[in-house]
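Whole structure, please, built from the sequences with the hints as guidance.
Those protein sequence lines, which keep their order, are chains U and C. Residue numbering for the first sequence follows the working numbering, beginning at 38 and increasing consecutively. Residue numbering for the second sequence follows the working numbering, beginning at 6 and increasing consecutively.
In case anyone wonders, no lab produced these hints; they're calculated from the structure. Every residue gets a Cβ at the ideal spot worked out from N, C-alpha and C, and that includes glycine. Hints are supplied without guarantee of correctness; some may be wrong.
Claimed, not checked - Taking lysine-lysine and the DSSO-like style, the derived pairs with C-alpha atoms no more than 27 Å apart in a straight line are: (1) U:392 with C:202; (2) C:105 with C:225; (3) U:392 with C:115; (4) C:222 with C:202; (5) C:105 with U:392.
Unchecked claim - Covered by chain U, per the in silico footprint, the following chain C stretches (three or more residues, Cβ under 8 Å): (6) 95-101; (7) 143-149; (8) 186-197; (9) 257-263.
Residues per chain, in single letters:
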Amino acid sequence: MFTDDAGKGGISAGGPGNSAGSNRRTGGDLVQLITPGGERVSHPEFDPWVQDVSDEQLGALYEDMVVIRRIDAEATALQRQGELALWPPLLGQEASQIGSARALRDDDFVFPSYRDNGVAYCRGVNPEDIVKAWRGNALAGWDPYTVNIATQQIIIGAQTLHATGYAMGIQNDGADSVAVAYFGDGATSEGDVNEALVFAASFQSPVVFFCQNNHWAISEPVRLQSHIQIADRAAGFGIPSMRVDGNDVLAVMAATRIAIDRARHGGGPTFIESVTYRMGPHTTADDPTRYRDANELEDWAAKDPISRLKSLLDRKGLLTEELETAVAAKADAVAKALRAGTINMPEPQPMDIFKHVYSTPHSPLDRQQDHYSRYLASFGDPAEAASEEGAR
Amino acid sequence: MTKMTFARAINSGLRKSLENDPKVILMGEDIGALGGVFRVTDGLQKDFGKHRVVDTPLAESGIMGTAVGLAYRGYRPVVEIQFDGFIYPAFDQIVSQVAKMHYRTQGAVKMPITIRVPFGGGIGSPEHHSESPEAYFTHTSGLRVVSVSNPQDAFTMIQQAIASDDPVLYFEPKRRYHDKGEVDETLDLSAALSMEKARVVTEGTDVTLVAYGPLVKTAKDAALAAADEGVSIEVIDLRSLAPLDFATLEDSVRKTGRLVITHEASQTGGIGAEVAASITERCFYHLEAAPVRVTGFDVPYPYSKLEMHHLPGLDRILDGVDRALGRPNSLSGLEG
Chain U
38 MFTDDAGKGG
48 ISAGGPGNSA
58 GSNRRTGGDL
68 VQLITPGGER
78 VSHPEFDPWV
88 QDVSDEQLGA
98 LYEDMVVIRR
108 IDAEATALQR
118 QGELALWPPL
128 LGQEASQIGS
138 ARALRDDDFV
148 FPSYRDNGVA
158 YCRGVNPEDI
168 VKAWRGNALA
178 GWDPYTVNIA
188 TQQIIIGAQT
198 LHATGYAMGI
208 QNDGADSVAV
218 AYFGDGATSE
228 GDVNEALVFA
238 ASFQSPVVFF
248 CQNNHWAISE
258 PVRLQSHIQI
268 ADRAAGFGIP
278 SMRVDGNDVL
288 AVMAATRIAI
298 DRARHGGGPT
308 FIESVTYRMG
318 PHTTADDPTR
328 YRDANELEDW
338 AAKDPISRLK
348 SLLDRKGLLT
358 EELETAVAAK
368 ADAVAKALRA
378 GTINMPEPQP
388 MDIFKHVYST
398 PHSPLDRQQD
408 HYSRYLASFG
418 DPAEAASEEG
428 AR
Chain C
6 MTKMTFARAI
16 NSGLRKSLEN
26 DPKVILMGED
36 IGALGGVFRV
46 TDGLQKDFGK
56 HRVVDTPLAE
66 SGIMGTAVGL
76 AYRGYRPVVE
86 IQFDGFIYPA
96 FDQIVSQVAK
106 MHYRTQGAVK
116 MPITIRVPFG
126 GGIGSPEHHS
136 ESPEAYFTHT
146 SGLRVVSVSN
156 PQDAFTMIQQ
166 AIASDDPVLY
176 FEPKRRYHDK
186 GEVDETLDLS
196 AALSMEKARV
206 VTEGTDVTLV
216 AYGPLVKTAK
226 DAALAAADEG
236 VSIEVIDLRS
246 LAPLDFATLE
256 DSVRKTGRLV
266 ITHEASQTGG
276 IGAEVAASIT
286 ERCFYHLEAA
296 PVRVTGFDVP
306 YPYSKLEMHH
316 LPGLDRILDG
326 VDRALGRPNS
336 LSGLEG
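Right under this line is the structure:
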């Protein structure tokens with residue numbers, strides 16, 4: 038149960054298996070397990086958390102990252118070709134999203150922002166459902182309860198409170214799952230994020246705050262959002278934090294596992310700052326050349342998350358032709374299916390506009406629906422009427 | 006039947022909901038040990054525990070946003086906003102999340118959240134403690150908005166609001182909290198009048214007078230006073246502000262041919278505007294005169310020594326009734 042004295046009773050704090058207990062650190066140095074050149078470097082505190090990652094699993098992480106980069110590129114292309122109205126690229130943030138999402142259990146519950154489409158992919162959301170909202174065919178593309186990830190949140194930071202409330206529910210249920218909030222550096226300026234941190238700390242709720250610091254909130258640099266390192270803010274709320282290289286899939290996975298383990302065993306919330314870079318525009322409607330230096334992009338390209346893991350695989354002799362072929366084939370197949378699924382997506386019907394506003398009948402709205410239905414019918418062919426209406 | 010105050014009736018309804026559904030959780034500032042600043046939740050934390058009657062940090066958006074997360078998890082949060090004027094920090098979560106979630110997710114995620122708001126003036130409070138913000142919410146699709154006017158409805162409708170799978174704003178007239186009335190605590194919810202129905206509280210034939218919340222009592226008093234002068238006023242308690250029960254309103258206006266609407270909230274874009282416009286559309290040929298609104302002025306809520314000028318009282322309402330009837334009134338000679 039969540040109460041303001043949860044730390045004293047309720048869920049046991051630091052029970053058996055809570056090896057994260059010693060790790061209540063704050064911010065500090067950037068944790069890195071793979072150098073930009075692909076060298077595996079040891080870190081006494083984080084190594085144990087990824088010790089079990091097998092060669093095969095390393096290959097699977099590589100595949101995930103290549104596939105979501107491909108989904109991202111395909112979606113951008115679909116937007117350029119007029120098949121999507123807009124798309125928010127995640128290019129450069131693959132390690133942050135895959136490393137964290139693959140640290141979760143199926144019954145954990147994710148509250149993502151609109152850019153966390155790699156996370157959605159890991160949760161099992163069909164890529165064509167990911168782009169559905171960006172095509173304008175729905176406000177959201179999936180049923181959250183079938184994949185344990187909420188629909189994408191567009192109001193900046195609002196979902197951090199939802200994750201915290203969900204985590205309070207987990208506490209009341211006596212369950213051991215965890216809620217995870219994904220948000221960006223810009224969101225840390227929002228009141229909601231700060232309130233979420235207060236609630237999570239006061240109730241010691243099982244929630245992980247996963248902040249991808251991608252350095253840019255549209256055109257505003259991270260230094261405009263925070264005068265100190267973002268991870269260091271957590272200490273003010275009494276929440277332990279970590280600052281990890283967000284382009285290092287293993288460091289991200291280790292940090293997320295530490296945080297998840299702590300939350301699962303009654304240790305309360307954790308804040309992770311995953312330091313990465315938005316290599317693309319904010320959305321396909323944005324033009325980053327107006328506000329940022331090309332050199333900066335070059336610097337970050339040298340720290341690319343996928344080439345980094347690829348180099349590690351190469352060093353370990355795991356980058357076989359077989360792996361590369363299989364990964365490329367998977368990416369091709371996913372992209373092809375996404376393209377076909379997008380182009381052939383069924384069009385919404387005009388009267389769908391009235392559906393699900395309320396869960397039970399609402400007479401004034403029913404009247405509006407009835408009147409619009411009559412209006413459309415007055416044209417004879419409803420489909421034709423709808424297209425004419427839209428053209429005006 | 007038990008005689009009890011308005012506040013106690015809500016408390017009793019909340020208790021029933023807590024007893025009947027383990028998923029009901031009360032959240033708010035000072036609602037635990039203190040029992041709320043108006044004592045509406047008195048004793049509930051003691052009886053149901055800190056995990057069901059939750060004192061939250063002092064952050065309205067935080068309360069509302071975590072309520073969304075709890076609803077996501079299958080709970081039925083009942084949120085107390087301490088005073089009407091404190092709801093605005095939660096406005097974004099209410100309008101952008103609570104109201105839209107069911108629509109956004111095509112029905113997959115329900116938001117059975119009840120938002121209790123003590124509202125209205127007349128208690129001599131400082132700024133931000135006497136507002137009537139209901140129209141912001143009636144304008145927002147996805148929300149249901151009700152206001153209660155008597156202890157029995159307060160008892161029944163809080164339970165109906167909590168049982169609703171849609172989010173409900175539940176406006177409590179704080180200046181009536183200490184009014185007493187008979188409450189049947191054994192009333193079966195399914196037998197009770199639907200939360201969405203208006204009620205004719207005084208029958209009449211000359212004018213339809215529409216009110217809700219704190220002004221229902223004033224309207225009834227006005228009807229009594231008018232009867233002395235031979236004017237028969239039909240008073241309707243809207244109860245539901247969104248959706249409006251137009252069927253009940255239409256029946257009355259078709260009979261009386263005259264419509265007066267009163268509320269404490271400012272006039273422009275208010276409930277009165279919606280009632281007047283919709284009834285004019287629906288009953289134009291039955292109207293004998295233009296609808297009349299008797300409301301708070303379009304001013305920020307004034308300081309308390311002047312609030313009785315702002316709040317529609319019995320005499321100002323009767324002046325509006327005279328206007329609807331074409332009798333001599335304060336604006337005689339100005340019309341047209």
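Structure-based check of all given hints:
1. U:392 with C:202: Holds, because 23 Å separates the two Cα atoms, which is no more than 27 Å.
2. C:105 with C:225: Cα-Cα ~37 Å, so violated.
3. U:392 with C:115: holds, 14 Å
4. C:222 with C:202: holds, 18 Å
5. C:105 with U:392: holds, 12 Å
6. 95-101: holds (count 3)
7. 143-149: Check passed, 3 qualifying residues.
8. 186-197: Three-residue rule not met by the region 186-197 of chain C, so violated; n is 0.
9. 257-263: Contact hint for the region 257-263 of chain C vs chain U: violated, 0 residues under 8 Å.
In summary, the structure is inconsistent with hints 2, 8, 9 from the numbered list given earlier, while agreeing with the others.
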